[in-house]
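What follows is the residue order along each chain.
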Amino acid sequence: MFWKGKTPGTPDFGLIQDQLKSIPIPNKEVEVSEREGGRTLVIRVQLSYTGLHKLLSKILKLKASQKYQLDGVQLELYRRLDGKCTLEELIDDLGENHQLTFFEARGLVLQAIHLLTQRGIIVVGGNSD
Amino acid sequence: MLPTPRRLAWYWFDCEVPPEWEVTAYGAGREKGSLHFYTRKGFQGEINWRQVKAVPDQERIQNEIHRKVLEVEKGRDPKEGFPSLDFSEHSGFLVGAGKEGDPFHASIFFPETRILLQWVFPSYHHHLLKDQLYPLLESHRPQGEGEHLSWALFGIELKLPSNFKNIELNPLPGHVVLEYRNENRVHFKARRWAMPEELMGPMNLEQFSRHLSRKLLYKVSRAQLTTLGSHDAVRVEFSVKGNVGFEKIVGQWWTGEMVIWWDRKTRRLASLECYGPKRHPRVDFNRVLER
Numbered sequence: 001m002f003w004k005g006k007t008p009g010t011p012d013f014g015l016i017q018d019q020l021k022s023i024p025i026p027n028k029e030v031e032v033s034e035r036e037g038g039r040t041l042v043i044r045v046q047l048s049y050t051g052l053h054k055l056l057s058k059i060l061k062l063k064a065s066q067k068y069q070l071d072g073v074q075l076e077l078y079r080r081l082d083g084k085c086t087l088e089e090l091i092d093d094l095g096e097n098h099q100l101t102f103f104e105a106r107g108l109v110l111q112a113i114h115l116l117t118q119r120g121i122i123v124v125g126g127n128s129d
Numbered sequence: 001m002l003p004t005p006r007r008l009a010w011y012w013f014d015c016e017v018p019p020e021w022e023v024t025a026y027g028a029g030r031e032k033g034s035l036h037f038y039t040r041k042g043f044q045g046e047i048n049w050r051q052v053k054a055v056p057d058q059e060r061i062q063n064e065i066h067r068k069v070l071e072v073e074k075g076r077d078p079k080e081g082f083p084s085l086d087f088s089e090h091s092g093f094l095v096g097a098g099k100e101g102d103p104f105h106a107s108i109f110f111p112e113t114r115i116l117l118q119w120v121f122p123s124y125h126h127h128l129l130k131d132q133l134y135p136l137l138e139s140h141r142p143q144g145e146g147e148h149l150s151w152a153l154f155g156i157e158l159k160l161p162s163n164f165k166n167i168e169l170n171p172l173p174g175h176v177v178l179e180y181r182n183e184n185r186v187h188f189k190a191r192r193w194a195m196p197e198e199l200m201g202p203m204n205l206e207q208f209s210r211h212l213s214r215k216l217l218y219k220v221s222r223a224q225l226t227t228l229g230s231h232d233a234v235r236v237e238f239s240v241k242g243n244v245g246f247e248k249i250v251g252q253w254w255t256g257e258m259v260i261w262w263d264r265k266t267r268r269l270a271s272l273e274c275y276g277p278k279r280h281p282r283v284d285f286n287r288v289l290e291r
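If you're matching them up, the sequences are chains A and B in order.
1 is the number of the first residue of the first sequence in this note's numbering; add one for each residue after it.
1 is the number of the first residue of the second sequence in this note's numbering; add one for each residue after it.
Honestly, the hints are just simulated from the structure, not real lab data.
Nothing here was measured: the structure is a model prediction, and the numbers come from that model.
Accuracy of the hints is not assured; some may be wrong.
[What the hints assert, rightly or not] Calculated from the model, a selection of chain A residues having no Cβ within reach of chain B, i.e. all distances over 10 angstroms:
1) Ile25
2) Glu31
3) Val32
4) Glu34
5) Gly37
6) Thr50
7) Lys61
8) Ser65
9) Arg80
10) Leu100
11) Phe102
12) Ile113
13) Thr117
14) Gly120
15) Val123
16) Gly125
[Said to hold, decoys possible] Heads up, incomplete: computed chain B residues facing chain A, CB under 10 angstroms, no partners named:
17) Glu22
18) Tyr38
19) Thr39
20) Gly42
21) Leu172
22) Asp232
23) Arg267
24) Lys278
Ideal placement from N, C-alpha and C gives every residue a C-beta, glycine not left out.
This is chain A alone, in the form it adopts within the complex (with noise of 0.2 angstroms):
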């Protein structure tokens, strides 16, 4: 959200409109449950181990699947999630659901994102549009 310096520059901001297009969207092969009346969702994500890792999960059987459990904003945006709705919409609902400032909505959302991503809950395409 922030970024701090003595001498700050001025980010691209074109990169910022292009970001605010993309769509996120939720990965299919995942196996979703729901906690505690819907309040956590459990996400189990398959592995995909290639090349060498592939051989040493076999040799090692390393575990095919790995559990998340989402709450909070993550949860919230997951459920948003339909393949339809850009980042921007994302934040402004977020920004709307919780009285928050633009850039406050847009530091949470990221965060999240790039959680689920790194994960391999999402993936984040491009707007053609």
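Given chain A, put chain B in place with the hints provided.
Relative to the frame of chain A, chain B by itself:
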């Protein structure tokens, strides 16, 4: 969306910016600093301040900055030459503008504090000058010489004795911390959290204050429900190990007080904390929140 609190106050200035402007970059030192303002539409302006040794030639400085901005950011060929900006004065500020669409500038020098304050805006249009810049310049009030300083940034607004210096500024998404310290090692911290329901979960405010105190390594001696204005609040008395100089080495315990309140209208939790060596007076929280 909640409009960003309009007030902006730091060591040397106290002013009002348009409600949708948000600080996205900062270097907030005392002698030298800068704040950059953005909206979702892009860059809106920046304020720079620095302490200078002699009375500055503001026209030359503005022309020099203008030339550099045109060269670096607009890719203008220096061989074309740069005509001087047209200068005017408004509310004590020297306003320098060139062609429509080019950056424009406003600066002021405060001789008492030797502070040069400069605003740079990305794109000049005549209506911007009247609608946005003039109200902004008119709202400016210098500070830095009185007994108290106002501080207003990232939604936190405070008034502290002027011997308190900012030692930390940590604006995370949804959680802002401003920390100050005076020459007697008395610490003062102000925090502001968004999304209080998510943050507290099943806890009530008193439980949350104890939970927070534990995380901050404060040893709570008393936590009492109270009110602050119209808000539910908890007042906590605590002790904490000294964290500066000799007291850090010998593990001297300091005493402190914290007040946490829940502003349900803006959906924010906020807290003030003050601690330090026992013999030195604390900050009066009621005065801190005075406007």
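Do the hints match the structure? See the list:
Annotated as non-interface, Ile25 (chain A) keeps its C-beta farther than 10 angstroms from every C-beta of chain B; the closest such distance is 23 angstroms. The beta carbon of Glu31 (chain A) is kept farther than 10 angstroms from every beta carbon of chain B, the shortest such distance being approximately 25 angstroms. For Val32 (chain A), the requirement that its beta carbon stay farther than 10 angstroms from each beta carbon of chain B is met, with the minimum near 21 angstroms. Residue-level check passed: Glu34 (chain A) sits 18 angstroms from the nearest beta carbon of chain B, beyond 10 angstroms.
Even its closest Cβ contact with chain B, about 13 angstroms, leaves Gly37 (chain A) beyond 10 angstroms, as expected for a residue assigned away from the interface. Under the 10 angstroms C-beta cut-off, the non-interface status given to Thr50 (chain A) relative to chain B holds; the minimum distance is some 34 angstroms. Once the 10 angstroms rule is applied to beta carbons, Lys61 (chain A) is consistent with being away from chain B; the minimum gap is 38 angstroms. Listed as outside the interface, Ser65 (chain A) is consistent with that label: its C-beta sits roughly 28 angstroms from the nearest C-beta of chain B, beyond the 10 angstroms cut-off.
The claim that Arg80 (chain A) lies off the interface holds: its Cβ sits roughly 15 angstroms from the closest Cβ of chain B, which is beyond the 10 angstroms cut-off. Consistency note on Leu100 (chain A): stated as away from chain B, yet its beta-carbon is not over 10 angstroms from all of that chain's, at 6 angstroms minimum. Look at Phe102 (chain A): its CB is around 5 angstroms from the nearest CB on chain B, not clear of 10 angstroms, so calling it non-interface is violated. Here Ile113 (chain A) stays apart from chain B, with its beta-carbon at least about 12 angstroms from theirs, past the 10 angstroms limit.
Look at Thr117 (chain A): its CB is around 17 angstroms from the nearest CB on chain B, clear of 10 angstroms, so calling it non-interface holds up. For Gly120 (chain A), the requirement that its beta carbon stay farther than 10 angstroms from each beta carbon of chain B is met, with the minimum near 23 angstroms. Residue placement check: Val123 (chain A) keeps its beta carbon more than 10 angstroms from all beta carbons of chain B (closest about 23 angstroms). Residue-level check passed: Gly125 (chain A) sits 21 angstroms from the nearest beta carbon of chain B, beyond 10 angstroms.
The closest approach between the C-beta of Glu22 (chain B) and any C-beta of chain A is roughly 5 angstroms, which is under the 10 angstroms cut-off, so the hint is satisfied. A hinted interface residue such as Tyr38 (chain B) counts as satisfied when its beta carbon comes closer than 10 angstroms to some beta carbon of chain A; here the least separation is about 7 angstroms, so the hint holds. With a least beta-carbon distance of about 7 angstroms to chain A, the hint placing Thr39 (chain B) at the interface is held under the 10 angstroms criterion. The beta carbon of Gly42 (chain B) is positioned within 10 angstroms of a beta carbon in chain A (closest approach about 4 angstroms), and the interface hint is therefore held.
Restraint check, Leu172 (chain B) versus chain A: the minimum CB separation of about 7 angstroms is within 10 angstroms; hint holds. With 10 angstroms as the threshold, the beta carbon of Asp232 (chain B) stays out of range of chain A, its nearest partner Cβ sitting at about 17 angstroms, so the hint is violated. The interface hint given for Arg267 (chain B) holds, since its Cβ lies 4 angstroms from the closest Cβ of chain A, which is under the 10 angstroms cut-off. Interface hint at Lys278 (chain B): violated, since its Cβ lies 35 angstroms from the closest Cβ of chain A, which is beyond the 10 angstroms cut-off.
Hints 10, 11, 22 and 24 from the list above are not met by this structure, while the remaining hints are.
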